[in-house]
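So the sequences go chain by chain: E and A.
Count along the first sequence from 1, add 1, and you get the number used in this note's numbering.
Count along the second sequence from 1, add 1, and you get the number used in this note's numbering.
To be clear, the hints were calculated from the coordinates, so they are not data collected in a lab.
Ideal placement from N, C-alpha and C gives every residue a C-beta, glycine not left out.
One or more of the hints may lead you astray.
Unchecked claim - The calculated lysine to aspartate or glutamate pairs, modelled on EDC-like cross-linking and capped at a C-alpha distance of 16 Å, are:
#1 K98/A / E141/A
#2 K500/E / D225/E
#3 K232/E / E46/A
#4 K232/A / E194/E
#5 K232/E / D39/A
Said to hold, decoys possible - Label-pair restraints from in silico Cβ distances:
#6 G228/A / P240/E: 50 to 60 Å
#7 D358/E / E465/A: 38 to 48 Å
#8 E46/A / D70/E: 52 to 62 Å
#9 D86/A / D70/E: 26 to 36 Å
#10 E453/E / G111/A: 28 to 38 Å
#11 D86/A / E378/E: 56 to 66 Å
Stated by the list, open to error - Where chain A lies over chain E, by a calculated footprint (3+ residues, C-beta under 8 Å):
#12 397-406
#13 434-443
Protein chains: 2
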Amino acid sequence: MATVDESATDTPDAYEQLLERSEKLTNVRMASMVLGWDQRVMMPEGGTPARAGQLSTLSSMGHELLVDDDVGAWLSALESQELTDEQAAVVRELRRKYDRAVDVPADLVGRLTTHQTQTQQVWQEAKGNDDFGHFAPALEELIDLHRERASAIDPAENPYRVLYEDSLPYLPLETVERIFDELREHLVPLIAEIQENGRDLPSPFAGHTYDEETQMALSEAALDVLGYDRKHGRLDTAPHPFMSGNQFDARVTTRFREDDPLDALTATIHEFGHATYQLGLRKDEYGTPLGASRSSGVHESQSRFWENHVGRTKAFWELFLPTVKEHFPHLEDVTVDEAYAAANRIYPDNLIRVEADELTYHLHIILRCEIDRAFVEGDLEVADIPQVWNDKMEEYLGVRPDTDTDGCLQDTHWSYGFATFQGYTVGSVLAAQLDAAMREDLDADVDDLIREGEFEPLREWMIENVHRHGQRYPSEELIEVATGEPLTAEYFLEYVDEKFTDLYGL
Amino acid sequence: MATVDESATDTPDAYEQLLERSEKLTNVRMASMVLGWDQRVMMPEGGTPARAGQLSTLSSMGHELLVDDDVGAWLSALESQELTDEQAAVVRELRRKYDRAVDVPADLVGRLTTHQTQTQQVWQEAKGNDDFGHFAPALEELIDLHRERASAIDPAENPYRVLYEDSLPYLPLETVERIFDELREHLVPLIAEIQENGRDLPSPFAGHTYDEETQMALSEAALDVLGYDRKHGRLDTAPHPFMSGNQFDARVTTRFREDDPLDALTATIHEFGHATYQLGLRKDEYGTPLGASRSSGVHESQSRFWENHVGRTKAFWELFLPTVKEHFPHLEDVTVDEAYAAANRIYPDNLIRVEADELTYHLHIILRCEIDRAFVEGDLEVADIPQVWNDKMEEYLGVRPDTDTDGCLQDTHWSYGFATFQGYTVGSVLAAQLDAAMREDLDADVDDLIREGEFEPLREWMIENVHRHGQRYPSEELIEVATGEPLTAEYFLEYVDEKFTDLYGL
Chain E
2 MATVDESATD
12 TPDAYEQLLE
22 RSEKLTNVRM
32 ASMVLGWDQR
42 VMMPEGGTPA
52 RAGQLSTLSS
62 MGHELLVDDD
72 VGAWLSALES
82 QELTDEQAAV
92 VRELRRKYDR
102 AVDVPADLVG
112 RLTTHQTQTQ
122 QVWQEAKGND
132 DFGHFAPALE
142 ELIDLHRERA
152 SAIDPAENPY
162 RVLYEDSLPY
172 LPLETVERIF
182 DELREHLVPL
192 IAEIQENGRD
202 LPSPFAGHTY
212 DEETQMALSE
222 AALDVLGYDR
232 KHGRLDTAPH
242 PFMSGNQFDA
252 RVTTRFREDD
262 PLDALTATIH
272 EFGHATYQLG
282 LRKDEYGTPL
292 GASRSSGVHE
302 SQSRFWENHV
312 GRTKAFWELF
322 LPTVKEHFPH
332 LEDVTVDEAY
342 AAANRIYPDN
352 LIRVEADELT
362 YHLHIILRCE
372 IDRAFVEGDL
382 EVADIPQVWN
392 DKMEEYLGVR
402 PDTDTDGCLQ
412 DTHWSYGFAT
422 FQGYTVGSVL
432 AAQLDAAMRE
442 DLDADVDDLI
452 REGEFEPLRE
462 WMIENVHRHG
472 QRYPSEELIE
482 VATGEPLTAE
492 YFLEYVDEKF
502 TDLYGL
Chain A
2 MATVDESATD
12 TPDAYEQLLE
22 RSEKLTNVRM
32 ASMVLGWDQR
42 VMMPEGGTPA
52 RAGQLSTLSS
62 MGHELLVDDD
72 VGAWLSALES
82 QELTDEQAAV
92 VRELRRKYDR
102 AVDVPADLVG
112 RLTTHQTQTQ
122 QVWQEAKGND
132 DFGHFAPALE
142 ELIDLHRERA
152 SAIDPAENPY
162 RVLYEDSLPY
172 LPLETVERIF
182 DELREHLVPL
192 IAEIQENGRD
202 LPSPFAGHTY
212 DEETQMALSE
222 AALDVLGYDR
232 KHGRLDTAPH
242 PFMSGNQFDA
252 RVTTRFREDD
262 PLDALTATIH
272 EFGHATYQLG
282 LRKDEYGTPL
292 GASRSSGVHE
302 SQSRFWENHV
312 GRTKAFWELF
322 LPTVKEHFPH
332 LEDVTVDEAY
342 AAANRIYPDN
352 LIRVEADELT
362 YHLHIILRCE
372 IDRAFVEGDL
382 EVADIPQVWN
392 DKMEEYLGVR
402 PDTDTDGCLQ
412 DTHWSYGFAT
422 FQGYTVGSVL
432 AAQLDAAMRE
442 DLDADVDDLI
452 REGEFEPLRE
462 WMIENVHRHG
472 QRYPSEELIE
482 VATGEPLTAE
492 YFLEYVDEKF
502 TDLYGL
């Protein structure tokens, strides 16, 4: 645990008690996370009713631990004291959590949770039957409940902004939306150019089937090459890959497509990136905000860095293609250039976000953010979502879904909440910015390091510049500390321009 | 949840609130159980520090939920009301839990937990170095702490009896000790007779190695035959097999010995027995004492019933030997009689409890109970334990350990607590009594059912007579309800006499 500095010895009690409470809160959250991992990876299906009760009990107990009057008193006492920088960061983060929870009535929390569970069910039915009309009333009710929650947290603030800050604190919505505008203006014509004038890329992996067992071994081999420490992690399978854990135990999952080994490999490397962040957090700060990840956007920057700036480089394929061939000998004639191209193929006719390529992905995200801001703010009727969705798909990507199942009903997110998509694209943008800063900083050439399988310097740089800070800095400040400048689309756009112009011979 | 009967509508609030608290307590306990299962089966070793914190937080939160003044007030209010039988049982069980927790100072709970963790470490070192002197001071301190706890719970009662009631409530220590005396007097000469005059039993499984993967498949096949529902359970491996879960999700584990497939098979069937109990509990009573298992002794009766009264019968081997041969074709010439004999072999020269056979096992248990009662009550100096242990081993089994590692340091139990061994032998005794009652009750011949793989009637009988009652009856009463008489050694002794006299040609 963090030690109390001399300057604050007049309030050791409040600070120590706050830290103790923070550790308890972390333990309850981490226990829920283990239960969630188990539910998605290990639990027999019949276990659901009991597991739902366990998670609900832990969630309400965590809430009670947080909104306790004592916490408010400790925070107030500490805010009038002189604190070290680290102590001030701890107090700031716990104040933020406390303020966002204390004014939300328990009754509203309960109604929201219950309605989310029901909406999740309704969404599955609606998606299965391509019936947006079935989903719409539940969605409207969910919007109302979230507006009510936002208003309880900060009645003077725009509700969308309040919800947005759940997942991306300390990074102004304006900044993100300005960056999203730049991306849209740049990526739409780039994608059109690739479609019109880009050469055809070979697809050396197509036309074969790839058994799960060998794909799993290949994912394990990739994790070995990247340096995933199995003393602090493990790889399993899950329908929707995710990472779960903390600085002592950060586990990853992957899933398999029979016709394409790149799908699992990319998912594995992506989740490995998330795990590096957890494992890079300070162990001695487990339980305090200094030992916790900053935000969903920063987390995604770590997964995207490893997925795109390592796993999709030509250097990585020089290193790793022989291992792929060992696992699937029928690929023996595939060249590095072919594999590299296959890993970077753009296919704008795809309708589904989770299957999208590195460029079109962000238009899927931007479209969702534009739409959910509009309907949360009342500028778009829920009934009009399908029409607007399809129009934007046509405008940005040149394709129009035939069904809402492949359109606005494809993602589960809107059966839980809103303003949650931004982090995905912020992550990619930040990954490129971090990649550029790292390449500037490191003496060795990063591509040479990748080609040699020397990933330690990359991981060390991220630990030093991002992970070890935990929540010490607000997001904007962390980005400046790590890269020397505020969040900018510049590096991401440079990176995609250079890569795809070359790859598609534009 | 249980519905409130007409007769108690004047106190719906207290009863409903008590049930709600009971469900919360259950959820916290079950969450800890999932964390424990994960720790033993899935967790990477580096996860320990964070997991220890999570378990400790859940444990202290569960304690606070239980000893809350409200709980005491609800119980007192309900105890002066007219209640249905089921309500009265719920109140009785929660009163018992509350009373055993409320007077134990939080400080003592903390000191005990910390000391248990340290003693566990010291015990491992002592066992590794065959150095009882290293363990003795920690053991003495642990005894003092447990005496302090016993005295807090009931200052007027013998502390050993208080500790004993942790694991075997409502079954007088006198009853158990009388039964243990009968067993010792009967089993010591029976084992000696087998050694002196028993014929040699063939060992058809010896001399081969058995790979883990095929052994795992064989265990899965055994679970299929027995009717283990994978919607509510799963099989994994663990160094010390155990069952974990509730009526929705009851998981089993096994482990493998390369030279003997019976070891894993027996462990799997034993843990399956534990799982049948959890899965037989009422789902609509999850969270209340009516949906919880009765005691360690009753739990063990279920595992021993399936292990011994099913898995060690000739009928079972008639059914299952062909499946064993499918997995290990080199066994094709093994006969049912040979397999049955191998499953029932007695080897009194074994020093280790967890490797003991069906008869000598109980002398290992009785010896431990005699010794731990003596030192908790101050009749035996800790320093004298090794001597007394070895003398008793010689007296009961005719063997003397050369080292304390193979003697009084072999089990981990005394680094946690005392009076915990009785349940193992009570379980076997009760299993035989239940087996006899079941055979009396069922129209069909139980051996015929086993031979045909018709296990449903056996499971149904156990659900009807044991599982569905949960904690409705105190242990002694449950045994009478299920078998028509109090706990008795009679059936167990008849069963072993008949089986081993026949098997060894005595």
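* Given the hint that K500/E pairs with D225/E, does the C-alpha gap stay at or below 16 Å? -> violated, 27 Å
* **Range hint 52 to 62 Å (beta carbons of E46/A and D70/E) holds or violated** => Given range 52 to 62 Å: violated, Cβ gap about 40 Å.
* **Straight-line alpha-carbon gap K98/A to E141/A, limit 16 Å** => Violated, at about 27 Å.
* **Distance restraint hint 56 to 66 Å, applied to the beta-carbon atoms of D86/A and E378/E** => holds, 58 Å
* Given the hint that K232/E pairs with E46/A, test it: the Cα-Cα distance must not exceed 16 Å. => holds, 5 Å
* Has the given pair, K232/E with D39/A, been kept, meaning a C-alpha gap of at most 16 Å? -> holds, 15 Å
* Using the C-beta atoms of D86/A and D70/E, is the stated range 26 to 36 Å upheld? -> Given range 26 to 36 Å: violated, Cβ gap about 42 Å.
* CA of K232/A to CA of E194/E, is that 16 Å or under? -> Given pair K232/A, E194/E is violated - Cα atoms ~52 Å apart, limit 16 Å.
* To do: Examine the stretch 397-406 of chain E for residues whose CB is less than 8 Å from any CB of chain A, and state whether their number is three or more.
  => The restraint on the stretch 397-406 of chain E is violated, since only 0 of its residues have a Cβ under 8 Å from chain A and three are required.
* Cβ-Cβ distance between E453/E and G111/A: within 28 to 38 Å? -> violated, 51 Å
* To do: Evaluate the given range 38 to 48 Å for the C-beta pair formed by D358/E and E465/A.
  => For E465/A against D358/E, whose Cβ atoms are near 60 Å apart, the range 38 to 48 Å is violated.
* Between G228/A and P240/E, does the C-beta distance stay in 50 to 60 Å? -> With a Cβ separation near 28 Å, G228/A and P240/E fall outside 50 to 60 Å, so the hint is violated.
Checked against the numbered hints above, the structure violates hints 1, 2, 4, 6, 7, 8, 9, 10, 12, 13; every other hint is satisfied.
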